[in-house]
Amino acid sequence: MTKKMSISTSKTSLVLLLCQIISALDVPLDSKLLEELSQPPTITQQSPKDYIVDPRENIVIQCEAKGKPPPSFSWTRNGTHFDIDKDAQVTMKPNSGTLVINIMNGGKAEAYEGVYQCTARNERGAAISNNIVVRPSRSPLWTKEKLEPNHVREGDSLVLHCRPPVGLPPPIIFWMDNAFQRLPQSERVSQGLNGDLYFSNVQPEDTREDYICYARFNHTQTIQQKQPISVKVFSMDSLNDTIAANLSDTDIFGAKPVTERQPVLLTPTGSTSTKVELRGNVLLLECIAAGLPTPVIRWIKEGGELPANRTFFENFKKTLKIIDVSEADSGNYKCIARNALGSVHHVISVTVKAAPYWITAPRNLVLSPGEDGTLICRANGNPKPSISWLANGVPIAIAPEDPSRKVDGDTIIFSHVQERSSAVYQCNASNEYGYLLANAFVNVLAEPPRILTPANKLYQVIADSPALLDCAYFGSPKPEIEWFKGVKGSILRGNEYVFHDNGTLEIPVAQKNNAGTYTCVARNELGKIQNEVQLEIKDPTMIIKQPEYKVIQRYGQVSFECIIKHDSTLLPTVTWLKDNDELPDDERFLVGKDNLTIMNVTDKDDGTYTCIVNTTLDSVSASAVLTVVAAPPTPAIIYARPNPPFDLELTGQLERSIDLSWLPGDENNSPITSFVIEFEDALHEPGVWRYQTEVPGSQTTAQLKLSPYVNYSFRVIAVNRIGRSQPSEPSEQYLTKSASPDENPANVQGIGSEPDNLVITWEPLKGFQSNGPGLQYKVSWRQKDVDDEWTSVIVANVSKYIVSGTPTFVPYEVKVQALNDLGYAPEPSEVIGHSGEDLPMVAPGNVQVHVINSTLAKVHWDPVPLKSVRGHLQGYKVYYWKVQSLSRRSRRHVEKKILTFRGNKTFGMLPGLEPYSSYKLNVRVVNGKGEGPASPDKVFKTPEGVPSSPSFLKITNPTLDSLTLEWGSPTHPNGVLTSYTLKFQPINNTHELGPLVEIRIPANESSLILKNLNYSTRYKFYFNAQTSVGSGSQITEEAVTIMDEVQPLYPRIRNVTTAAAETYANISWEYEGPDHANFYVEYGVAGSKEDWKKEIVNGSRSFFVLKGLTPGTAYKVRVGAEGLSGFRSSEDVFETGPAMASRQVDIATQGWFIGLMCAVALLILILLIVCFIRRNKGGKYPVKEKEDAHADPEIQPMKEDDGTFGEYSDAEDHKPLKKGSRTPSDRTVKKEDSDDSLVDYGEGVNGQFNEDGSFIGQYSGKKEKEPAEGNESSEAPSPVNAMNSFV
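Residue numbers (this note's numbering): 1 to 1287.
Any given hint could be a false lead.
[Stated by the list, open to error] Quick list of in silico lysine-lysine cross-link-like pairs, DSS-like style, CA-CA up to 25 Å:
(1) Lys938 with Lys954
(2) Lys954 with Lys920
(3) Lys784 with Lys766
(4) Lys1011 with Lys954
(5) Lys545 with Lys565
(6) Lys737 with Lys705
(7) Lys301 with Lys334
(8) Lys512 with Lys550
(9) Lys68 with Lys593
(10) Lys1094 with Lys1116
(11) Lys66 with Lys877
(12) Lys896 with Lys867
(13) Lys858 with Lys896
(14) Lys858 with Lys800
(15) Lys275 with Lys317
(16) Lys737 with Lys954
(17) Lys858 with Lys941
(18) Lys275 with Lys384
(19) Lys1093 with Lys384
[Said to hold, decoys possible] Label pairs and their calculated CB-CB ranges:
(20) Val1105 with Arg1052: 20 to 26 Å
(21) Ser829 with Lys93: 39 to 45 Å
(22) Phe952 with Gln227: 46 to 52 Å
(23) Lys93 with Asn580: 52 to 58 Å
(24) Val795 with Arg690: 29 to 35 Å
(25) Glu992 with Val407: 47 to 53 Å
(26) Leu37 with Asn456: 56 to 62 Å
(27) Ser230 with Leu306: 37 to 43 Å
(28) Val60 with Val1105: 46 to 52 Å
(29) Gly1151 with Gly968: 45 to 51 Å
Hints are computed from structural coordinates only; laboratory data are not their basis. Keep in mind that this is a model prediction, so the values were computed, not measured. Glycine included, each C-beta is placed from N, C-alpha and C at the ideal position.
Could you put together the complete structure from these sequences and hints?
See below:
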């Protein structure tokens, strides 16, 4: 209800401002209105974020969206555009963004593994899907291994390890025997969460040789099994018998009896452990204990109670399960294992983290031009998620500027929006455990008022009740609503009316004088509209004589009155209830016009009886209590079902009716309420009894309607309040005569399947509808609007007939008539059908293109003649494609785009064009058969637009007063570049910005030296490019000039080199400058957005070894001086070697190898000295002679440049990495630079496992050798090859 408020002048502006900020249009859910309004895209359906697919089936990645006009779709894969036209295996569903990747016809699922994102775009914005991570499921085989039998003493504990292969998703584990029967589990024997089988204590019955662990991979519907495990349990009695048989009577023997043991935890180990779980997930905690007797497990939460209704115990209370966990479930959980000898406990510290979840998700905003509004995006999580915004799928920081938009953290504030402000905004809330992505559009509409309430709608209300008169409306800006009474009445005001925000007029207390015609007027700056409704006031319904309290003896009779008065134009209905429920289904209850009478009252009739009077507008009720008291004692009465009727007789036999009479059986003290009559058709369904009719219990005859061509027999069943009797004996049989059909087939249709045919279909008659033998159909047709005779054909009992040789797509009159051996059914009605469609013959003409701006064009065409369509006109398709960019003059792969315009539309908009480009298009008409010929290609060009940001900006060569700037031209110039603009300003130590300097640079320049700068000063640079249209988005960078010569020089770090191996890399550099305490080495995966990892290095060293790297991975590295921000080396990129089958030891880094090499060097030096002395004496050293005669190619002289020994050429020696070496860009390791490979030792080259599960793979990059002979392994692919394929 609207309330009047008085607002002081000082507060008025503040209130108006707040109202404007929160105001937004509500679009009514009116289907016709929604079809007419433009709307940005909205994603309606998409595949899950983590999408695991079956590698044997086609991959379907869903993306559905709605919008007005209908959106177009595009995809990215791993962050770059995914051109589906270039891949014959990938198609997109029509009028949809859903991708179908054809795997079943030669494609490989692994080739399409990656991160996909869908974009739905129309002229009002672009919505994006989640990042959909597509991964094929994997079900690797079990590694074969030799399993030794388990020999266990009775009473000891035992763990049988499963260790299933790692699959995607993880497999489901279960234990079975050779007969595929699940192994029984109990408090003593149970399976752990890791799949292992735990025995708290073994018993002799545990002896068996077929403990088999199975892994079921649900995605691929495969099951892998481990080799059977054998368990042998030695009991004390059998062990004593064995010892006794081998020792003499004088020997002392006897194994210790089975001793009871106090509990010991098998899992988890130790006294404490930790577990982290995410909010909303299922928390599973496990404790399994050994001991004899078998321990019992109990769970408690320290300092609190286990959550009620969410806590469950599984696996014989060894597993604690808490569903839907929250942060409140964090804490210490203690499991206690106890038996008669003692107890043991374990404390699990549980921490509940949370992926982001919504507090306030952004909602769609519909505004009028000039209005204000807000988008709010609030999420929570643990840790607190960060919020980022995108506009039309682009980070808002680099999105096109909108002066009406201001971003304030988790809120976007819009002020004085215009139609061009329409867009789709994306809010991304993320932390280390996940992210949320929500699309919300801002739709700026300018629409004249519309009233959605039907004209002259009639409202009827009861006097003295509220009257609500609707005036549902829509308009943009939001219309003002006014109400008038009568055609020329004045505007309604005053306290007797309430005006609601949705346009509804409320009369709180409607009187007779309020009846009449009311007019609603809606107006805004774009127009005005009005609507009239009618109001009628009715008299209220009243009970003028109400039921009264009654006391009645058992088996007596009682009556309640309920006399009413009501409006003469309303029809009342009177309903009686007993104890607020329906009256019992009992003939003792007689409902009259103004009363309720109960005959033969029983104790069950005691209760409250209510009379309810309902009309279409109001309802009244009144109640009274009935109390039943005891009557004089009478003999006990036995109630039972009635006996079956008998003596059935058929009389009055006619073709379509017959009279059936019978005698009722004993009713057994419960009156018969009705008789049920059933029939059997011995001709068509012998032995099947079907319901015929039901008559009151006071009636013993019935006239039954019959159908022709049926062999009838009847039976009767009596019904009382106790139940149904047994059926009577069947009557004699009566065969009715055949007759012609009474009706014709239903759902007759005529639809052509080919251009020259007409397919006539219908629903055949069923069962008794045939009325006789020889059921057939007369099918008739003739061309509509042509003076032709009917063509007819008689067909058997089928449901379809095909007329061939028809003209293409002409209307036909069709009818189907039933007939049998006795004649025809009545004349059937006619339906209109059409012969088959053919492809359109004519292309649209006079195709014209009007370029609206650099990204949007409007295309016009003349409609084709309807006769040339040759089918149902479905619309027109516009094919358009980019021929070349006018700025680069380079052609590229033609990616044709298609827009469909429904109906007989002769124009359409082409959105998403690239500026300064040449395009071609053609138009085709579409019918139900397909597309017609294309119109001649029309060439048009888009004008220039603003360029993208420069591709890069680098600042080098810092001096005391100058910096060198280098840049790259924009990736998308979108026109002819006219110039560059450089702006820069100094930044002081408190990050305050100084004065801004602007420089205009010619477009043909790619570098600039800035001089006359301040020494030791940080500068921030802003750089963008311009075309004749305007400035593009800018790129920013910061740099620092060096200090004055009187200050200590900052260090200079250059010549950073790397030598990479499989899992480590040696980093070296050259340092110039004063002594410094420490350096630091920063590194990370190349191309990754993750933070740099940092290692501290002593300032006296100029090298460092990075360890723990991932094989086959590209890394970025840089070196800096700690404590001196901004002074570091340029980035270097290196790549680790590929993964090896077994871990190799780099002997070049081993102490014994270094010592051996030193000893060899010393020995050679001594020999050279001795040779020199001998030579000076004129003699010859024998070894020297041999060396001169047979030069050993294996021994190389020392290198002159660095004094090191030459490398050995023996392939069996490990070769140290050369200084500054690089792994080749194709991720292979050259033979002369690689470590030893199993291939060099004669192993197989297929990179797989052999029959005993050992790895026989090769490194990537090795030259192929002859394949090893023997059976090829059918096991899973090698992890090396799998890793290489993944990378």
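Q.
Could you work out which of the previously given hints the structure breaks and list their numbers from low to high?
A. Checked against the structure, the hints that fail are numbers 1, 2, 3, 8, 9, 12, 14, 16, 22, 25, 26, while the rest are satisfied.
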